[in-house]
Amino acid sequence: MAVETEKLIFYLMSFIALFISIFFLMTFLRFKRKEEKLKRTPSITFVVPAYNEENHLKGSVDSVMKLDYPKNKIKIIIVDDGSSDNTLNIAKALSKKYKRIKVLHKKNEGKATALNYGIKMVKTELTALLDADTILQRDILKKAIPYLQDKKTMTVMCRLVPSNKHGFLAKVQEVEYAIVSFFRKLLSSISVLTIAPAFSIYKTKFFHKYGYFDKDNITEDFEMTLRVQSHNYDVACVLDSYASTIVPTTFNQLKRQRVRWNYGTFYNLYKYKRLFAPKYGDLGIFVLPSQVLIVAVAVTVFCLAFYQLLTAVLRFIELLFVGWKPYLELNLFNISLFFSDPRVVFTIIALTISLFFFTIMRRYTKEKVNFLNFFVYVFTYIWLTVSFYVIAIFRLLIKKPKW
Amino acid sequence: MVRAKKEKHEEERIKRQIDLGKYLSVFAITALIFILGIFLGNYIAYSRVGELEKAQEELTAQIMGLELKDALLKYGDVCSLTWQDIWEEKVKTGEKIDKLEGRLGKNNADVLRQKEIYELIEIRTFLLLKEIKEKCNETFEIILFFYTNDKNDPKGSSTLCETQGYVLDALYQRYPDKVNTFAFDINTKNPATDILQQLYNITKVPSLIIKEKLYTEYMNFAALEKFLT
Numbered sequence: 001m002a003v004e005t006e007k008l009i010f011y012l013m014s015f016i017a018l019f020i021s022i023f024f025l026m027t028f029l030r031f032k033r034k035e036e037k038l039k040r041t042p043s044i045t046f047v048v049p050a051y052n053e054e055n056h057l058k059g060s061v062d063s064v065m066k067l068d069y070p071k072n073k074i075k076i077i078i079v080d081d082g083s084s085d086n087t088l089n090i091a092k093a094l095s096k097k098y099k100r101i102k103v104l105h106k107k108n109e110g111k112a113t114a115l116n117y118g119i120k121m122v123k124t125e126l127t128a129l130l131d132a133d134t135i136l137q138r139d140i141l142k143k144a145i146p147y148l149q150d151k152k153t154m155t156v157m158c159r160l161v162p163s164n165k166h167g168f169l170a171k172v173q174e175v176e177y178a179i180v181s182f183f184r185k186l187l188s189s190i191s192v193l194t195i196a197p198a199f200s201i202y203k204t205k206f207f208h209k210y211g212y213f214d215k216d217n218i219t220e221d222f223e224m225t226l227r228v229q230s231h232n233y234d235v236a237c238v239l240d241s242y243a244s245t246i247v248p249t250t251f252n253q254l255k256r257q258r259v260r261w262n263y264g265t266f267y268n269l270y271k272y273k274r275l276f277a278p279k280y281g282d283l284g285i286f287v288l289p290s291q292v293l294i295v296a297v298a299v300t301v302f303c304l305a306f307y308q309l310l311t312a313v314l315r316f317i318e319l320l321f322v323g324w325k326p327y328l329e330l331n332l333f334n335i336s337l338f339f340s341d342p343r344v345v346f347t348i349i350a351l352t353i354s355l356f357f358f359t360i361m362r363r364y365t366k367e368k369v370n371f372l373n374f375f376v377y378v379f380t381y382i383w384l385t386v387s388f389y390v391i392a393i394f395r396l397l398i399k400k401p402k403w
Numbered sequence: 404m405v406r407a408k409k410e411k412h413e414e415e416r417i418k419r420q421i422d423l424g425k426y427l428s429v430f431a432i433t434a435l436i437f438i439l440g441i442f443l444g445n446y447i448a449y450s451r452v453g454e455l456e457k458a459q460e461e462l463t464a465q466i467m468g469l470e471l472k473d474a475l476l477k478y479g480d481v482c483s484l485t486w487q488d489i490w491e492e493k494v495k496t497g498e499k500i501d502k503l504e505g506r507l508g509k510n511n512a513d514v515l516r517q518k519e520i521y522e523l524i525e526i527r528t529f530l531l532l533k534e535i536k537e538k539c540n541e542t543f544e545i546i547l548f549f550y551t552n553d554k555n556d557p558k559g560s561s562t563l564c565e566t567q568g569y570v571l572d573a574l575y576q577r578y579p580d581k582v583n584t585f586a587f588d589i590n591t592k593n594p595a596t597d598i599l600q601q602l603y604n605i606t607k608v609p610s611l612i613i614k615e616k617l618y619t620e621y622m623n624f625a626a627l628e629k630f631l632t
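From first to last, the protein sequence lines are chains A and B.
Last residue of the first sequence: 403 (this note's numbering), numbering continuous.
Last residue of the second sequence: 632 (this note's numbering), numbering continuous.
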């Protein structure tokens, strides 16, 4: 590839990435933190789909039972999705312990079907969807439900934090989850949030009016929030409280999870391509297109960097074989030339903006996320996640994956 | 009544609006940072061109000093000249040219201009060192290296020339006191470098002149090392 073409691609990608960052910066500057007060305590049913969750289900259900909310207003429906382990027995034992728990059992057909099976039994005003490996903070309902007092808001989701914090991948995902949560809050502040994973609360009437989860969709939560937005309803985000969830700790687990998410994202963006229109405001002309653009930028930069790195490494090895020895002379001339490279200049700008957001995020969430982990996240983990985009695109174009 | 009800229903949903002012502001700020970023980078890089010019001037002054000293001595002893400083300075200046080529591009007008001046300095240094070597029985070796950066040059492969350059660097790394290479881009437009090419009958690249003999094939480290032992 010609050097000039590489430069042009790099400049274009930098401009797009910078534009998106500045947009978020402007959104943050206009962002006003609102503390909503709980005016009434509507009844709520937790639907907990569980497939082979014998190790986590109890912790999740116990956390619901300990919530700081009137006990008589909470019900739980555990849907055992044809588990092959001891999940069903644990669910039954929990239903004996807590009278407000109902256990349903069905053959294994996937999470969306299990959710629908449970939602159809819900009689309360609100429906909470809770993953069986997710644990809630005691005050989460008091923080989340006030958002649903707004008639425009149909769904509320909350900040997620990893519950397992040991190991490299868990530590960097802690940084990732914190940053992502903050961006979700910003997105919700301009009514364009389109995701509600692990734990979310819906007004039950929405399902009755606009349908249940798409059973063939591998990221059913993303699809549902796009559906909420498509009817011009809002998805709110709680930052003050959180739910903790199990995150992948091995490369293969992470790859499987992220490729599935990415594949589902592409699939649903295509399914809801009609939302890419000015009549959907910021969502249609900026947020959804930028989801596509971010992937395009990330994948292009990743491929370009990979190509350049591979070429450089091969050349380096070749030169070692001809007898040349690498040397690094640190003088003002060489250092200033290094920092004059636009790639370095834009990397520094991007890093400064990221650090700004990271610092703000730490202040808003009161999370003590390590700065060192942030740099590890930026310089290593991000590239790992981009490689999962590449795999997802490959699978989308070549073959449909099996989950 | 129906209309009022419908309006109420409409009110319960998000009113999507596009704040054009916000997008224009974002675009303007992005463009400003982007241009400033490129400007800053180029400013730093071009300030290095100035530094290189200064280094070339100093090197020229050093060579001129030696040449004048040689001329004034006339029948005196050329071997009394302290040439070791220009030997090292010439290599350092060459490295700076390489770094600038890497940053600003091999076809950048400023880089080409500096390279042209550098090659003229190289010729003067070469002539002086050649005289010293011959008259003073010095054991160091001078290699003239003719190369191209043009990927479509009919006279030879630019990649092979680049590799040959690294091999010569390796040779200098191993024997910094024994060998010094004087590299010339065959596409530099200058009467002095043209004459040099004609003198040595350079028709293809990479070409090397070692001990006044022309070699028109790529030479590996071992082959070059033999000339030094």
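Source of the hints: derived by calculation from the structure; they are not laboratory data.
Just to be clear, a hint being listed does not mean it is correct.
[What the hints assert, rightly or not] Straight-line C-alpha distance at most 27 Å; calculated DSS-like pairs for lysine-lysine:
1) 325(A) <-> 581(B)
2) 39(A) <-> 58(A)
3) 425(B) <-> 152(A)
4) 39(A) <-> 203(A)
5) 152(A) <-> 418(B)
6) 418(B) <-> 151(A)
7) 271(A) <-> 209(A)
Going down the list of hints, with the structure as the test:
Note on residue 325(A) and residue 581(B): the hinted pairing holds, with a Cα-Cα distance of about 18 Å set against a maximum of 27 Å. For the hint pairing residue 39(A) with residue 58(A), the CA-to-CA distance comes to about 31 Å; that exceeds 27 Å, so the pair is violated. Between residue 425(B) and residue 152(A) the CA atoms are separated by roughly 24 Å; this keeps the pair inside 27 Å, and the hint holds. For a cut-off of 27 Å, the pair hint linking residue 39(A) to residue 203(A) stands: about 16 Å separates their Cα positions.
Note on residue 152(A) and residue 418(B): the hinted pairing holds, with a Cα-Cα distance of about 9 Å set against a maximum of 27 Å. Proximity of residue 418(B) to residue 151(A) is assessed by CA-CA distance (about 13 Å); at most 27 Å being required, the pair is judged to hold. The suggested pairing of residue 271(A) with residue 209(A) holds, with an alpha-carbon distance near 20 Å, which does not exceed 27 Å.
Of the numbered hints listed earlier, the single one contradicted by the structure is hint 2.
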